[in-house]
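Asker: The chain contents come next:
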Amino acid sequence: MSQHFVFDEKNVFLNKLRELLKSGVPQKNISVITPYHVHEVDEILVSAPSKLRIFTFAGALLGGIAGFAFPIYTTLSWKINVGGKPVVSIPAFVIIAFELTILFGALATFFGFLLFSKLPVLKQIIDPVDYDKQFVILVKNGEK
Amino acid sequence: METSKEKISRNQTIERDVLSVSEKTGSWYWLLLFFTVCLTALGFIMWGNQILTGMGLAGKNNPVGWRFYITNFVFWVGIAHSGTLISAVLLLFRARFRSSFNRAAEAMTVFAVMTAGLFPLIHLGRAWKFYWLFPYQNQRLLWVNFKSPLIWDVFAVSTYFTVSVVFFYVGMIPDLAVARKHSLGIKKLFYSILSLGWQGTELQWKHYRWLCIFLAAFATPLVVSVHSVVSWDFAMSLIPGWHTTIFAPYFVSGAIFSGTAMVITLVVPMRKIFSLEKYITEDHFENIAKILIVTSLIVGYAYIVEPLLAIYSGNIFEKSQFYYRFFGEHWFAAGIMLTCNAILPATLFVKKLRRNIKYLFIMSIFVNIGMWLERYVIIVTSLSHDYDPYAWGTWFKPTYTELGITIGSFGLFFTLYLLFIKFLPILSISEIKEVSE
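In order, the protein sequences belong to chains A and B.
In terms of the working numbering, the first sequence opens at residue 234 and continues consecutively.
In terms of the working numbering, the second sequence opens at residue 802 and continues consecutively.
Any given hint could turn out to be false.
[Said to hold, decoys possible] To spell it out: a stretch of chain A is covered by chain B in this simulated footprint if at least three of its residues, at any positions, have a beta carbon under 8 angstroms from a beta carbon of chain B; those stretches are:
(1) 247 to 261
(2) 264 to 273
(3) 279 to 292
(4) 311 to 317
(5) 326 to 332
(6) 347 to 357
[Claimed, not checked] Computed, partial: chain A to chain B, Cβ under 8 angstroms:
(7) 322
(8) 323
(9) 335
(10) 338
(11) 339
(12) 342
(13) 343
(14) 361
(15) 363
(16) 365
In short, the hints are calculated from the structure, not lab data.
Quick reminder that beta carbons are idealized off the backbone N, C-alpha and C, glycines included.
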């Protein structure tokens, strides 16, 4: 069914990867495992830019809105005069909004990352297959 | 160009050097751990005693209601800052020397915020009511006061803690997968679960890279905001010596200054003991020392501006406050603060001294002392010399409880750090490999 090639050396691995693509193996059948982020792989296996930013943006936006809406709602629900300040003191709430923008944005990005990169992988936790410092190419459905 | 064989063997060496650290912990390690655990226990016993006996043990009075606990809180939050600076800001600037420091610095951030987070609870007395700080509707249908800087602080510090933990953890995921490979039994399971089954596929790396960049982009403004908010705990009040506009930038640079010093204090012995000289070189230390110089200059500038603002304000209370600060009964603290934070670090302009690791280490300890005293000076001198001359000079000396808890906080911080050295990869393996390519 599937084949896999293991390399000790980065350049040999990259050459083989280029070769496979040239020989007509569809890109969606190829996946690679590397010990660190290899920039050349991104150039060879061209893919759409990460959609992670959608999560980042949505989380940050939600946090920003919540950071204003929540203090405004709570102060309006029981109007207390604090040192003569207006009930809805926007400048004071900017800080809450700022912090929540960051908090929600960061957490949404993290969970988006888990979703997109399909983590956690239960099988890999129970019985991990590690290639250590080797570079691996996995080809599904034979070479063609 | 080095050959491929050399490259492979070097990559193996990185793994071996970093992962073998947890095995190189001999009897000295256990002795040290025992010592720090004892200090921590001392702190907790003192705290328990304070809870049982009463807040009188903390020596607070009116007007000096903020003393050592708040000093420690600001100090530890400040220590936390350079961790994020080194990992996030330098990541965005693509400063490669960060890869040798970032893990140690991030760990330090997390532990320092944990230590700092205890102090508001210790200070408030009834620590088990801590959840009153969080916004929820109580029985009287009241919410927290969002106009109070203290509530901003709750949001800022808890956000900072959460984001720092995520950042620290995310940075470690690929390395935990490496550690999983090199361990057995229960340890392997521990690393396997923590690594979430990371494999290093191109899909994972692609999203991972963006995750790091986004987190760094969030963490950078966060660093600036957190210590600004801490400074507004003071600056939003009307106390002479606190009520100034330079407080936010002054506190942020002070925080980075003290944090960078603490990174040096921690990394120098770690590098020596585990022979990591290959990965953390003199060049790296020189770069870190440059951060020290810059922040020291900003802090020194703030020391000059503060009294000048007081003089030009024409306000007798402000003027009197700064006279008292430098010539009153706390002159020794102000003097040590000036010497350690503004004068001594200027010697780092000399390249030879900057590259001398021993000198840097000693300097970093002076800076730690100086920065702790800075917070002490700001908090205690301002409160003990406010508008009412009748209440002046009501500060005498620290109580044993305060001292014990302060020592305990150092114990807790170093205990957590020692555990980190034992159980987690102390250098960023995958990043060092990537940089060395």
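Asker: All the hints need checking, so say for each whether the structure fits it.
Answerer: Verification of the hints:
1. Counting residues of the segment 247 to 261 of chain A whose beta carbon lies closer than 8 angstroms to any beta carbon of chain B gives 0, which falls below the threshold of three, so the coverage claim is violated.
2. Note: the segment 264 to 273 of chain A has 8 residues with beta-carbon separation from chain B under 8 angstroms; the three-residue rule is met and the coverage holds.
3. Check on the segment 279 to 292 of chain A: 5 of its residues sit with their Cβ under 8 angstroms from a Cβ of chain B, so the three-residue criterion for coverage holds.
4. Residues of the segment 311 to 317 of chain A with a Cβ under 8 angstroms from some Cβ of chain B number 4, which satisfies the need for three, so the listed coverage holds.
5. Here the segment 326 to 332 of chain A counts 5 residues with a CB under 8 angstroms from a CB of chain B, which clears the bar of 3, and the coverage holds.
6. Note: the segment 347 to 357 of chain A has 10 residues with beta-carbon separation from chain B under 8 angstroms; the three-residue rule is met and the coverage holds.
7. Taken as an interface hint, residue 322 (chain A) checks out: its beta carbon lies about 5 angstroms from the nearest beta carbon of chain B, inside 8 angstroms.
8. Hint status for residue 323 (chain A): violated, given a least beta-carbon distance of 11 angstroms to chain B, over 8 angstroms.
9. Interface restraint check: residue 335 (chain A) against chain B, minimum CB-CB distance 5 angstroms, threshold 8 angstroms, status holds.
10. At a threshold of 8 angstroms, the smallest CB-CB gap from residue 338 (chain A) to chain B is about 6 angstroms, leaving the interface hint in force.
11. A distance limit of 8 angstroms between C-beta atoms decides the matter here; for residue 339 (chain A) the minimum to chain B is near 5 angstroms, and the interface restraint holds.
12. Checking residue 342 (chain A) against chain B: minimum C-beta separation of about 5 angstroms stays under 8 angstroms; hint holds.
13. At a threshold of 8 angstroms, the smallest CB-CB gap from residue 343 (chain A) to chain B is about 5 angstroms, leaving the interface hint in force.
14. Among the interface hints, the one on residue 361 (chain A) holds; its C-beta lies about 6 angstroms from the nearest C-beta in chain B, closer than the 8 angstroms criterion.
15. Checking residue 363 (chain A) against chain B: minimum C-beta separation of about 4 angstroms stays under 8 angstroms; hint holds.
16. With its C-beta approaching chain B no nearer than about 5 angstroms, residue 365 (chain A) sits inside the 8 angstroms limit, and its interface hint holds.
In summary, the structure is inconsistent with hints 1, 8 from the numbered list given earlier, while agreeing with the others.
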